[in-house]
Amino acid sequence: MTTLDYLQMASAHKGRDIASYDHVLDVNLITNFTDEVFKKFLFGVALERNTFLNISPVPYRQYHLNLKDKKSALWQGQADITFILFDINPFIKSAFYPDSGHLAEVMEDIRAYSIAQKGPVVMGTFPSPYQNTYGNNFKEHPIFSFVVEANNALQDLSDSTNNLYLLDINRLFHLYGESNARDLRNAHAFDLPFSNTFSLAMAKECFAYIQTLLGQARKCIVLDLDGVLWGGIVGEVGPLGVAVGPEYPGNAYHNFQRILLEFQERGILLAINSHNNLQDVLEVFQKNPHMVLREEHFSAIRANWNNKAQNLIEIAKELNIGMDHLIFLDDDPVNRELVKLKLPQVLVPELPVFPEGYAPQLLSLNAFTQFKLTEEDKKRAKMYAEEQKRKAVFESVETIDDYIDQLKIVVAVDCNAVSLIPRLSQMTLKTNQFNITTRRYSEKNIETYMKDGLVFSGTVSDKFGEYGTTILAILCPTDDQKHMVLDSFLMSCRVMGRGIEQAFFRYIVKELASRGVLKLSASFIPTPKNHPAKDFLPEAGFRKETEGASEISYSLDIPEYLENAAVKIHNAISIKSRTQ
Amino acid sequence: MSRLTHIFSSVLGIDESKVTPGLSPQNTSSWDSLNAIILVTEIEKAFGISFTYDEVMAVGDFADVIKLVRSKGEDTDS
Numbered sequence: 012m013t014t015l016d017y018l019q020m021a022s023a024h025k026g027r028d029i030a031s032y033d034h035v036l037d038v039n040l041i042t043n044f045t046d047e048v049f050k051k052f053l054f055g056v057a058l059e060r061n062t063f064l065n066i067s068p069v070p071y072r073q074y075h076l077n078l079k080d081k082k083s084a085l086w087q088g089q090a091d092i093t094f095i096l097f098d099i100n101p102f103i104k105s106a107f108y109p110d111s112g113h114l115a116e117v118m119e120d121i122r123a124y125s126i127a128q129k130g131p132v133v134m135g136t137f138p139s140p141y142q143n144t145y146g147n148n149f150k151e152h153p154i155f156s157f158v159v160e161a162n163n164a165l166q167d168l169s170d171s172t173n174n175l176y177l178l179d180i181n182r183l184f185h186l187y188g189e190s191n192a193r194d195l196r197n198a199h200a201f202d203l204p205f206s207n208t209f210s211l212a213m214a215k216e217c218f219a220y221i222q223t224l225l226g227q228a229r230k231c232i233v234l235d236l237d238g239v240l241w242g243g244i245v246g247e248v249g250p251l252g253v254a255v256g257p258e259y260p261g262n263a264y265h266n267f268q269r270i271l272l273e274f275q276e277r278g279i280l281l282a283i284n285s286h287n288n289l290q291d292v293l294e295v296f297q298k299n300p301h302m303v304l305r306e307e308h309f310s311a312i313r314a315n316w317n318n319k320a321q322n323l324i325e326i327a328k329e330l331n332i333g334m335d336h337l338i339f340l341d342d343d344p345v346n347r348e349l350v351k352l353k354l355p356q357v358l359v360p361e362l363p364v365f366p367e368g369y370a371p372q373l374l375s376l377n378a379f380t381q382f383k384l385t386e387e388d389k390k391r392a393k394m395y396a397e398e399q400k401r402k403a404v405f406e407s408v409e410t411i412d413d414y415i416d417q418l419k420i421v422v423a424v425d426c427n428a429v430s431l432i433p434r435l436s437q438m439t440l441k442t443n444q445f446n447i448t449t450r451r452y453s454e455k456n457i458e459t460y461m462k463d464g465l466v467f468s469g470t471v472s473d474k475f476g477e478y479g480t481t482i483l484a485i486l487c488p489t490d491d492q493k494h495m496v497l498d499s500f501l502m503s504c505r506v507m508g509r510g511i512e513q514a515f516f517r518y519i520v521k522e523l524a525s526r527g528v529l530k531l532s533a534s535f536i537p538t539p540k541n542h543p544a545k546d547f548l549p550e551a552g553f554r555k556e557t558e559g560a561s562e563i564s565y566s567l568d569i570p571e572y573l574e575n576a577a578v579k580i581h582n583a584i585s586i587k588s589r590t591q
Numbered sequence: 372m373s374r375l376t377h378i379f380s381s382v383l384g385i386d387e388s389k390v391t392p393g394l395s396p397q398n399t400s401s402w403d404s405l406n407a408i409i410l411v412t413e414i415e416k417a418f419g420i421s422f423t424y425d426e427v428m429a430v431g432d433f434a435d436v437i438k439l440v441r442s443k444g445e446d447t448d449s
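These protein sequence lines are chains A and B, in that order. Residue numbers for the first sequence follow this note's numbering, so the first one is 12 and each next one is one higher. Residue numbers for the second sequence follow this note's numbering, so the first one is 372 and each next one is one higher.
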């Protein structure tokens, strides 16, 4: 899609019923330049994903006033997400440079604004001006060091403010080149500093954050093998004959594998979907010394002669993730078209004809944006490998109960653990299946719940290893001290099917009882994905109060629950308090 | 359809059949100052040409745009 396609989309939406969009979000936009063109692109990019954005920009050149004035429309409205983009242009005089006082002041205002916002605030870094009068000594020009220091200060601000995240505009500037990103005529004539192409690029980066907020970031790269991971057809040339190694084009495949390994190490899963004999494929992993990726790096392998769409369905099921979390890379356009047609939720990018283009293509998709990388992300692939060992146990036992007994599960429970806030927010953003209300919360939201209510989380492990922090319950107070509301109860898919939820829940109820709480309300809000959580509340002993199409309300009498042993809890699951 | 027609139809959000020589800011509400800027930059990009400020300000309707692009030696029929 070109700039024109997005502009056309943005102008063609008029007259459409707002209810026909999958998502509608309120967006605040704060800039120090004419942002109408950027706004139009952001709007168009969202429409491509059937998402409608109500974008409220601060009036032209009033960012400072609006950030300061708590009565301004900016402060009064609660946006789902806020974007702040400031430009420092070496060719044009600005309030930010050379006087650094303005930036210091604005940063304090941004901190205050971010703390007050429920939704995340994403701020662009300043582009480093490489074209300046100092030529090759550009680094000595005061504006260059100013920008470097300003960006360091922004990083500190973001690190110390829970709700504030950075968008690395400098990275985009490198990608497009400073002269392609800037439009000096429009900068002077209309205070519009960026080219249309670059405005679109920024809009795509911003929308990637919105997708992450909506739980749409991709989690797994599914790979074809011949022509993707190596050159040549393994069934014809054998495990040592495929092109992967020191010479071109083998080195291009080799390096693509290195990039994929980096993705795997940051928490993106890898899987294989290939038309090959499994034995041929495993031999490449075992025998070819130039392979970077080995069998253990893949969380799911489908090397067979089945339809590739069917394989993808199985992979998603095996990994317990949605089809909309998959990216599928295949060099065969016929397979790509088949998958696009059968499984429109899977992201299927075009692949360039040369292998050295695969990695840049994958990176350009903006599909893996995360507000923060957490410890869980880095451990994820290891955890899936441990899962394979559990599967072996599962297949060897007679009943689910025997299986759970053998796992020796331990749940370490934290209550209001501030250090876990980034992970807990991430869980609400990413968990779609076992989630009774699917409410998405920013770090700021979680912090507020910890102040006003109780946030219980469980970090799960068993004899094979750790699952990380994977279960969460948020409880809100009511006017009546004896009555609380279970606002959210969710569990990561990787610990589903082990009876952990009921054991964890019983622990929480006991805690509540010790605090004098007698009644708990909860609701189930059905979505296309949260069917696995549907029976949780009734199974825990909640009574149905009212049932509407969009929500079922329940309540639980706590003394009755504790007396009644009807809810089966696995004795083999050990629940321990960590912070209390 | 010519590149120019496509640009005008996309940016202004109007049907290609409406992009006629008489199309102007006076008879097209979406041809506002913002879209005028976008039109200029998209035409420059598509044809690899650039306009001076005076040239842009002298444009009164779509016919003027065709004339201006032709004056830069570009083929407006493709």
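Simulated from the structure, these hints should not be mistaken for laboratory data. Fair warning: there could be bad hints in the mix.
Unchecked claim - Among the chain B residues that face chain A by a calculated CB cut under 7 Å, a handful are:
(1) Val382
(2) Gly384
(3) Leu405
(4) Ile408
(5) Thr412
What the hints assert, rightly or not - Lysine-lysine pairs mimicking DSS-like chemistry, simulated, CA-CA at most 27 Å apart:
(6) A:Lys230 with A:Lys393
(7) B:Lys416 with A:Lys215
(8) A:Lys25 with B:Lys389
(9) A:Lys230 with A:Lys493
(10) A:Lys493 with A:Lys400
(11) A:Lys521 with A:Lys419
Small disclaimer: the values here were computed from a predicted structure and weren't measured. Positions of the beta carbon are idealized from the N, C-alpha and C atoms, including for glycine.
Going through the hints against the structure:
no., hint, result
1, Val382, "holds (5 Å)"
2, Gly384, "holds (3 Å)"
3, Leu405, "holds (5 Å)"
4, Ile408, "holds (6 Å)"
5, Thr412, "holds (5 Å)"
6, A:Lys230 with A:Lys393, "holds (15 Å)"
7, B:Lys416 with A:Lys215, "holds (20 Å)"
8, A:Lys25 with B:Lys389, "holds (17 Å)"
9, A:Lys230 with A:Lys493, "violated (41 Å)"
10, A:Lys493 with A:Lys400, "violated (45 Å)"
11, A:Lys521 with A:Lys419, "holds (22 Å)"
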